Amino acid sequence: MENLVEIRGLRITFAGAVDVVQGLDLDIPAGKTLCLVGESGCGKSVTAKSILQVIDHPGRVSGGSINLRQTDGSVLDIAKTKPTSPLMRQVRGGDIAMIHQEPMSFLSPLYTIGNQISEALMLHRKIGKKEARTEGIKMLEEVGMPDPARRYDSFTFQLSGGQRQRAMIAMALINKPRLLIADEPTTALDVTTQANILDLLGELQRETGMGVLFITHDLGVVAEIADEVAVMYLGKIVERAPVRELLENPKHPYTKGLLASMPRLDGDFKAPLKAIPGMVPPPALRPAGCSFHPRCEWARKDMCGHVAVLETDLGQNHMVACHAYGPQAHKFSRATRTADLAAPVAASKKAAGKPLLSVRNLHKHFAIRAGFFQRQVGAVRAVNDISLDVFPGETLGLVGESGCGKSTLGQTLVGLHRADSGDVQFADIDVRAAKGAEAKQLRTDIRMVFQDPTGSLNPRMRVRDIIGEVLQVNGNHSAAEIEEKVQGLLSRVGLSPDYAERYPHAFSGGQRQRIAIARALASDPKLVIADEAVSALDVSVQTQIINMMKELQAELGLTYVFVSHDLGVIANISDRVAVMYAGRIVELGETDQIFRNPRHPYTEALLAAIPGRGARKTGARIRLTGHVPDAAKPLEGCAFADRCRYVTDACRVNVPALRGEANHLDACLRSEELKLRSVSQTGALVSA
Amino acid sequence: MGSFILRRIIYVIPALIAVSLISFLVIAVPPGDFVDRLAEEAAKKGDIMPLAEIEAMRRAYGLDQPLLVQYWSWITGVVLRGDFGYSFGWNLPVKEVIWPRLGLTVVLSLASLLFVWVVAIPIGIYSAVRRYSAGDYFFTFLGFLGLAVPNFLLALALMYVAFAWFGQDVGGLFSPEYIEAPWSWGKFTDLMAHLWLPMVVLGTSGTASVIRVIRANLIDELHKPYVTAARAKGKGEFALLMKYPVRHAMNPFVSGQNDIFVDIVSGGTIVAIVMGLQTTGPLLIKALLEQDMYMAASFILMLSVLVVVGTLLSDLLLAWLDPRIRYQQG
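Protein sequence lines, in the order shown, are assigned to chains D and V.
The first sequence lines up with residues 1 to 688 when you count with the working numbering.
The second sequence lines up with residues 1 to 330 when you count with the working numbering.
Hint data in this document are derived by calculation from the structure and do not stem from the laboratory.
None of the hints are false.
With a Cα cut of at most 16 Å, we get these calculated EDC-like pairs of lysine to aspartate or glutamate:
| hint | chain 1 | residue 1 | chain 2 | residue 2 |
| --- | --- | --- | --- | --- |
| 1 | V | 187 | V | 177 |
| 2 | D | 82 | V | 237 |
| 3 | V | 224 | D | 56 |
| 4 | D | 440 | D | 524 |
| 5 | D | 331 | D | 302 |
| 6 | D | 485 | D | 465 |
| 7 | V | 224 | D | 102 |
As the structure is a prediction and not an experimental result, all values here were calculated from the model.
Bound-form chain D, shown alone:
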C-alpha cells in the first residue's frame, strides 16, 4: 500500500519553548480515510495544519519530516519547504486541501461563497472569471448544494450550517486534491446534518479516490467513515489499527477509556459510563515516561512514569505504544488489563405520583419586526402548544435539532422568557402568576445550568460569590452559613473547598461546569434545568459530569430537565424523553420506548442519523434532507410533513395531536400503521 504522506519524528513548538507535538510518526495512505482521534488539547488540529504549513503564530514545525509523494513519483519534504514559497502555495489547495470545523468563521462573511470557491480554482489554474464561475457552480452541485446557481452568489450568513459546510467542501475539492484534511467538519452540526455530510464525504472519497485525513473526537463518526484509525494523546500516536480491529479489539488503555466513556445504544444504555479520570494536561506539563500514565489504571510506578514508550507491532497493521504490550508486558498482570465496567445499575424510576412541574398548552412566540416602521409582521413560534409533566426524582430529556425550541422551552420554564399563554404549575405554585414570596421560592426551587461554562460564570466574581449569590439574594443567610454551604457544595461536585477564593478563569471547562452545577444546587432546588450542560465538553469530561449529575440526583432526590441535541447523552441520563420538532413535542415516552420502539418518523430519522450505526450498509438509509421549517411561517398540518418519508395528503391538512398511552405519546397521524426502525440491540456505538 502506498502512502501519500509520511510523517516522521514531527515536532511542533509553540512560542519557542513548548512542544505541542513531540516525535509524531504518521502515515497517510492514498485513497483511504484515516481518522485521527483524541480529546481536545492532544495536538490533532495543529498536526493537520503542519501538513499545510499554516500553523498559527507563534507555533512552528521545529523538527522531523513531512514527506509528500508527488504525482511524478518524487518526494517533497514539506517540513523543509519555506511556508511562503511558491512550491508550498502549489501544494496548499492544489495537492492537499482542508476543511474546518466552523465554516461560519473559516469563510469570510464579506465575500460570496462563489467568490471564495472560484478563488481557490483561479489560484491553481489559469482560468477566466466566467469559466471559474461555471466550474464553481458545477462543484456546488456535486456537493449537493440545493439551487447551486443562486447559492453561488450567497453570503455565509444567508446559508444554513449544513449548506455552509457544503460550500467549504466545494472550495476544498474544486482543485481535485489528492489529500483532503477534514478537521472536525461535522462537530458543529446537527446529528441529521452530520449524517448527510458524512455520507457526502464518503461518496466523494470513493468517486475521486482521494486520501482523507479525518480529525474527530467522536468514535461514532469514526465507525461511520474510517478505514484506519490513529489515536493521538499529547502529541503522539498511541494506537493505530484498521477501524474494525480498533473498535472491537482496542489495546491501549486510552483507546479503551475513550470507548468506555461513549454513551452506547446497545444493551442497557442506562449503564453507568466509565470516564477516564482527570484531563489532558497542557503540553508544557507533559508527564515523563508514558505521558498517559497519570490517568492510566494500569500504570506501574516502577516503569510507566519514567521509561519512554516504544511502539509495539501487534501484527495485522495494529500498532500500540504502551508498556503493557512491550518487552515488559509480563509485569502487567492479566487482571489489571481487563478492567471491568460493571457497576450497580440504578433502577429506572417510574413516572408516578403527583407531577412536580406541570405544563399545559404553553406558548412562547417571538415577534418578527420588519419594514419601515418595524411593525410586527409575524412571530417565531419557538414553543407552540406544549404540555408535559415532570415527576419528582426523574430526569426528563428534551431532544431535537437546533431551532426546534428545546432551549426556549427550558428557559421559559425557569422564567428567563415570559410565556405568552398556557399554564405552568410547579408544586402548588402557579408559575406565571407568582409574585413576592412565591416568586422567590420559585427562584430558589428551579435552577438552571447553561451550556457555555465560560460565558455563564462572571469572570470578575470569586467562585464563593458565584455559588453563594443565590443565598445572598434570596432569604437571610449569614456570611458564615453561606461560606459553610459553599465549601460543602464544592467538595460535593468534586472540587477542593479552597477553590472558593479563586476566579473562574483559573479553571478548565469541566471544572467550570462543576462550579456552574454547584451554583445551581446552592439553594437546595427541587428542579434543575440543564440546557446542553455537557455539550461543550470533551468526551471523558462529559462522562465525568454526567456521572456526577446522576450521583447528585440519587443523593439529593433532584429532578432534572435535561436539554440536549445529543441522543447518546439523552439515552444515558433520561428516564423519559420528549422529542421536539418545530416548537412542538412530537413524541414523549420512557427512554426505552423512544429508542427501542419509536413511533414518530422524526424520532426514527434522528436515531438513524446517529453515526456509527449500521456502518457500511449503504442500502435503505434514512436521511433527513432540508431543515426545520421556518418557525415564522404559519403551518398547516404536520410540521414534519415536508421532510417525512411516510407523508400522506392527510398529513398536510390535519394537525396531529399528542396521544397514546401514558408512558408513550406521539403526534403522528399514521403512528399505528407504521413500522419504524429503532436502534439495534447490538453493536451500536453512539456519538457523544
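Since the structure of chain D is provided, determine the placement of chain V on it from the hints.
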C-alpha cells in the same frame, strides 16, 4: 438595501430639526443681544443711545418678538428661500458671507481627511503586520507625538519652517492678490499651494489615531480562521492580506471616520485663526463675540448639518462595504 437607505435618510430629519433649534437657542437665549452691544459701544464713546432708539432698532431687527417666533421666521427663511437672515456685524445678508467660507472649510476638511487616509492606512497596515518591529515602534512613537502636540503649536512650527527655510508665503489660503479675485485657474493653483500646510496640521492628530485604530483592528483580524482557510487554499501572502484581513479591518475604521471628520471641522478654529485661514472658524468667533445672532446661528447650523450628513455618509458607506448590514437590515 433601498429601505435601509431611505430609513437612514429619514432618521436624519428629526436630527436636523433638533440641531437647528438648539443652534438658534444657544445663541438667542443668553441675556443681551446685538442692540445691547451697540448701545454699550456707543456708551463707551460717551454717546448715550436713547431708549426709544434702542426699542426702534429692536423692532426693526425683529428682536422684540418671542423667541420661537424669531426661530420660526429664521428657519422658514433658511429652508424655503435659502435666506439665513441678516448679519448685523457685516451689514450683509448672512448667506453672502457664509457660503464662500463654508466652501473652503469643506475643501480643507476633506483634504485633511484624504491626507489622513493616504498616510495612516499604509502605516497602520505595516505596523500591524510587522508588529513589534523597529518600524512599528518608530511609527507608534511618531503617532503619539502627533496626538500629543497641540494643533496650533504644530501650525506655528510648520509656518516658521515653511517661511524661514523654503521662503514660502504662509498664512491664509490664498496669496493676497487672489483673495478678492473671482475663481480662475491661477486662483485654484494658488489655493492648492497654500492648502497643504493647514491640511498637514489639521490631519496630524487624525493620522495618529487612525494608525492606532487600523493597527488594532488588523491585529485582531490577522489570525482569524478565514485567514488560515485562505492561506490553505494557496493564496499569496500579500494578496491574502489585502483581500481578507485588511478588508475586514476596514469596517470599524469606516464607521469611525465621521468622528475624525467632526474633529477636523470643529478643531480647525484655532488653527484657522493662527494661520489666518478664510474658513468658518474665525468668523464664528467674531460673530459670537459681537452677538451677531443670525450669523452665529447659521454657522453652527451649517457645521452641524455637515456632521449629520457625514454620519449618514459613513453609515451608508459601511452598509455598502459590509454585506451583513446590507442584507440583514434592509
